Amino acid sequence: MMDNLLPLLTFFPLLAAGLLLLIPARSESTLKTAALGLALLEFVFSIPLFTSFVAEQGGSMQFVVNWDWIPTLGVSFKLGVDGISLLLVMLTTFLLPVTLLGTWNAVHEHVKGYLVLFFLMTSGMLGVFVALDLFVFYVFWELTLIPMYFLIGIWGGPRRIYAAVKFFLFTMAGSVLMLVAILYLYWHTGSAGNHTFDLATILSQFRAGPDEQLWLFGAFALAFAIKVPMFPVHTWLPDAHVEAPTGGSVILAGVLLKMGTYGFLRFAMPLFPSGLHRAMPILVALAVVGILYGAWLSIAQKDVKKLVAYSSVSHLGFVMLGLFALTPEGVAGAVLQMINHGISTGALFLAVGVIYERRHTRLIADFGGLARVMPIYAVVFMIVCLSSIGLPGTNGFTGEFLILLGAFKSFPLATGLATTGVIFAAVYILWMFQRVMYGPVSNPKNAELPDLSLREMAVFAPLLVLIFWIGIYPEPFLSRLNPAVDTVLQLIQSR
Amino acid sequence: MSESSSFNTLSLLPEIVLALAGLLILMVNAFSHDRARASYRWIAGLGSLVALLLCFQPLATGDAFMGTAVMDGLALAGSAVVLVVLLLLVIGGEDYLRTRRVPLAEYHSLSLFAAVGMLALCSAGDLVVVFLGIEILSISLYCMAALLNEREGSREAALKYFLTGSFASGFLLFGMALVFGYTGSTSLTVIGESLQRLDTSNWMLIGGILLMLVGFLFKVSAVPFHNWAPDVYEGSPTVVTVFMSTAAKAAAFTGFARVFVPALGEASASWVPMLAFCAGLTMLVGNFTALVQTSFKRMLAWSGVAHAGYLLLGIMAAGDNALHVRSVLFYLLPYALINGVLFLLGAAITRQRGGEYDLDDFKGLAADQPWLAILMTVCLLALAGIPPTAGFVGKFYLFMGAVETGHVSLAVLGLLTSVVSVYFYLRVVVFAWFHRSPSGKPAFTRPDGGLMFVTTVASGLLLALGIWPNLWLFMTQNIG
Chain R
26 MMDNLLPLLT FFPLLAAGLL LLIPARSEST LKTAALGLAL LEFVFSIPLF TSFVAEQGGS
86 MQFVVNWDWI PTLGVSFKLG VDGISLLLVM LTTFLLPVTL LGTWNAVHEH VKGYLVLFFL
146 MTSGMLGVFV ALDLFVFYVF WELTLIPMYF LIGIWGGPRR IYAAVKFFLF TMAGSVLMLV
206 AILYLYWHTG SAGNHTFDLA TILSQFRAGP DEQLWLFGAF ALAFAIKVPM FPVHTWLPDA
266 HVEAPTGGSV ILAGVLLKMG TYGFLRFAMP LFPSGLHRAM PILVALAVVG ILYGAWLSIA
326 QKDVKKLVAY SSVSHLGFVM LGLFALTPEG VAGAVLQMIN HGISTGALFL AVGVIYERRH
386 TRLIADFGGL ARVMPIYAVV FMIVCLSSIG LPGTNGFTGE FLILLGAFKS FPLATGLATT
446 GVIFAAVYIL WMFQRVMYGP VSNPKNAELP DLSLREMAVF APLLVLIFWI GIYPEPFLSR
506 LNPAVDTVLQ LIQSR
Chain X
131 MSESSSFNTL SLLPEIVLAL AGLLILMVNA FSHDRARASY RWIAGLGSLV ALLLCFQPLA
191 TGDAFMGTAV MDGLALAGSA VVLVVLLLLV IGGEDYLRTR RVPLAEYHSL SLFAAVGMLA
251 LCSAGDLVVV FLGIEILSIS LYCMAALLNE REGSREAALK YFLTGSFASG FLLFGMALVF
311 GYTGSTSLTV IGESLQRLDT SNWMLIGGIL LMLVGFLFKV SAVPFHNWAP DVYEGSPTVV
371 TVFMSTAAKA AAFTGFARVF VPALGEASAS WVPMLAFCAG LTMLVGNFTA LVQTSFKRML
431 AWSGVAHAGY LLLGIMAAGD NALHVRSVLF YLLPYALING VLFLLGAAIT RQRGGEYDLD
491 DFKGLAADQP WLAILMTVCL LALAGIPPTA GFVGKFYLFM GAVETGHVSL AVLGLLTSVV
551 SVYFYLRVVV FAWFHRSPSG KPAFTRPDGG LMFVTTVASG LLLALGIWPN LWLFMTQNIG
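Those sequence lines, one after another, are chains R and X. In this note's numbering, each residue's number is its place in the first sequence (first place is 1) plus 25. In this note's numbering, each residue's number is its place in the second sequence (first place is 1) plus 130.
No lab work stands behind these hints, which were simulated from the structure alone. Everything numeric in this text was worked out from a predicted model, so none of it was measured. Watch out, some of these pointers could steer you wrong.
[Unchecked claim] Ranges of calculated distance between the beta carbons of each label pair, as one might list FRET restraints:
1. R:Pro-257 x X:Gln-326: 51 to 59 angstroms
2. R:Asp-236 x X:Ile-504: 39 to 47 angstroms
3. R:Ala-225 x X:Leu-453: 21 to 29 angstroms
4. X:Met-404 x R:Ala-225: 37 to 45 angstroms
5. R:Ala-50 x X:Arg-167: 35 to 43 angstroms
6. X:Pro-354 x R:Ala-390: 56 to 64 angstroms
7. X:Ser-567 x R:Glu-500: 53 to 61 angstroms
8. X:Arg-165 x R:Leu-47: 51 to 59 angstroms
9. R:Leu-388 x X:Arg-231: 56 to 64 angstroms
10. R:Ala-225 x X:Leu-293: 54 to 62 angstroms
[Stated by the list, open to error] Derived coverage of chain X by chain R (criterion: at least 3 residues anywhere in the stretch with Cβ under 8 angstroms from a Cβ of chain R; other residues may be distant):
11. 407-415
12. 524-536
13. 554-563
[To be verified] Far from chain R, by Cβ distances over 10 angstroms, these chain X residues were calculated:
14. Met-157
15. Ala-160
16. Ser-169
17. Arg-171
18. Gly-395
19. Gln-482
20. Ile-516
No residue lacks a Cβ here, since even glycine has one placed at the ideal position from N, Cα and C.
Let the sequences and hints guide you as you build the complete structure.
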């Protein structure tokens, strides 16, 4: 079973979706319970992946499977994980049950379809993180689009159709150019009869001139930059986030965006190092602009969910800055921050969902003094907010610290500017927290709000554990991560 | 050599069976009363099923009639697509035929005769047979377009198709004459061989090639010879539209590949740039015009123009490397299935709302009939080329050829225009899933069983071929 752990993890959600289809649509609670059970099972399956992963060999691919898929086209179904993909897989399987439990009462219409789409998307995301064949990667990449499109379009807010179509078109537009680049790689690797989409083979055999590299890098980078999303192709994100149902937002911010940053690290950067170096000044500038612009827009938001959405643009700017630093600290910090952002922003969206479910509004002005009414919620929300700012002792600090440390070596000026983003983050988060939580309970509708239920506490508990675990003792994560980061950096330098 | 000099009639059994079935329907119609109406469907269905099975009999391979017919992988795959569409229509078209009062005997026999022409075109080894095949299929289709002759649109479609189609045939024939004049033969093999010796930049040859190109571009509805298609598709009875846009197109593309790749491949320098230009234009015009359509049928018609552009990429790539014929062939089956399902379901669904194929009429479909909405969605996603559908593998394969033969910019253009196409395909999905039924409109009901059956099977096949493309790649393996 250990040999086939990755296919099992990737396809189990698909199987789960099939099982859910068998349950009658009317029995809502059965559906939800079954979905939660299946999601927990998926998480349990993923635990051996983490525990039997050999940390010292984190730089090489483990649990590799390599099956024939379309031999006539040189496509093989090749999966594997190194330290980087391992953490992202764990993040995905962890967030799935948490999200389902957290949004237990959020959806009452077409519950079956909602859950089935959720599991479909999970399969797609896991496939993206473990694929070692470019064709397989592309198929999974596109596969994540369809469920999210329907999640936003059917269960979303008032402007859901606009947001869903925009999301779809933006992502499509980015990925088709990547497809051309993949085809180009295919024809320029190997000789007639044994062309291949295999990533390792392409990495070892493909050589391109500087201009060629720049074009190919551009095609890959655009696809990933849209997904991240980097400034100025980020405009789909706030729309998608605001309109998506809570569960969709959590997965979108928690996992889906990481496909972009992961893509940079796994494909665009090692495949085309000289293209990367030539595009570097622009990319770094865009990352810094993203950090500051996202933070400034967050300050101006009146809607909590929008605020969190724009803060994602800012946070992912940090991740990009860390990646482009090309130093061990910077890249490791960036990967860790991908995980941290998944946990913290996921938790933030869930926290916003808690008050939205009670009041059906997300406007900051509608709240005030909630800390008096919902003390437990206030504590949880506070911790999540602090981790998002990057307070020492929380996960956000470890990641941001490593990123800034690594980035400072490579580009001090840009890093200096980016650091002000940390300050702005404190401004928008704390100011929001103050207006929502402190002061008198000015709106009588807020006076009787119930505090967190047991279910909700069970949702936040594992998230808080991880926030402190990574904040205080990140070693188990970094030890798996560092060898992989070194390998990728060596790959970039050696080519 | 011994085989090519024989008459090997067995390899033409599929054509013979189809022709006999068509004649039988005419006979039954002439000598019996109304009660026999149900039998037409059975005869047509049985005929096409037997023909389909006969395609796969071992005797069906090799040359026949002194090389004028060639039953190779290309012919086999093209014929299989035609016959699958025929079956799809026999099973799924019944409801449409009954409610719109299409004359049954005429419809079924003409479709069988058209299929004979298509099969002949698919297996042609000689320019004369190419022309014969095209004329048999065209003349049948001209008549079929007019089957709803009390409707003005149908009459207009038939006349328009007939007039423009005749011109195109004229061009084609003139081009064939020039090529014959230069090479001294109408046999595709001999033409191919003699072009290896002869000067391929001769004006007579190039003139002939260009004239034939005009004829074929018309038949596959590529820009700038595409303008007939949306009007004819819209005016014709929908079952006929399905036939034109899928089977006829598949046959035309197979014929296109037959003539241009083995015979004129040597002279590819003269026609590939031309074709590249037309392919680019076709993708642009088709997709951008489809973007502004409000009628489902017209939208599909323009999307058909756009897809002709994608398929031309395959022919173009095959001009440089004959292996890429396979990519054209691979795409024809999913393309035929998708369009077959979409036209048939579209007709059944919009009719319930009393509209004339308005996109608006899809509103609220998912709430009333989720299964229908799922089928539509699978097909639309496949048409947009999104995995894991066969539409994705098909497009992937086509663009792969373009990239390999150095037409990277065309592949980029093709992919960018497919992003445009995603918008209008998704519009139907948006209406079906994200909108509620407008008040006062009747709820959707399930169409008849035959239609549900074939559309479900076809959509399942689209997914299966997307996940295991080898099922069909294997068929097209020994081509080229």
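> Which of the listed hints are not met by the structure?
Replying inline: 8, 11 and 20
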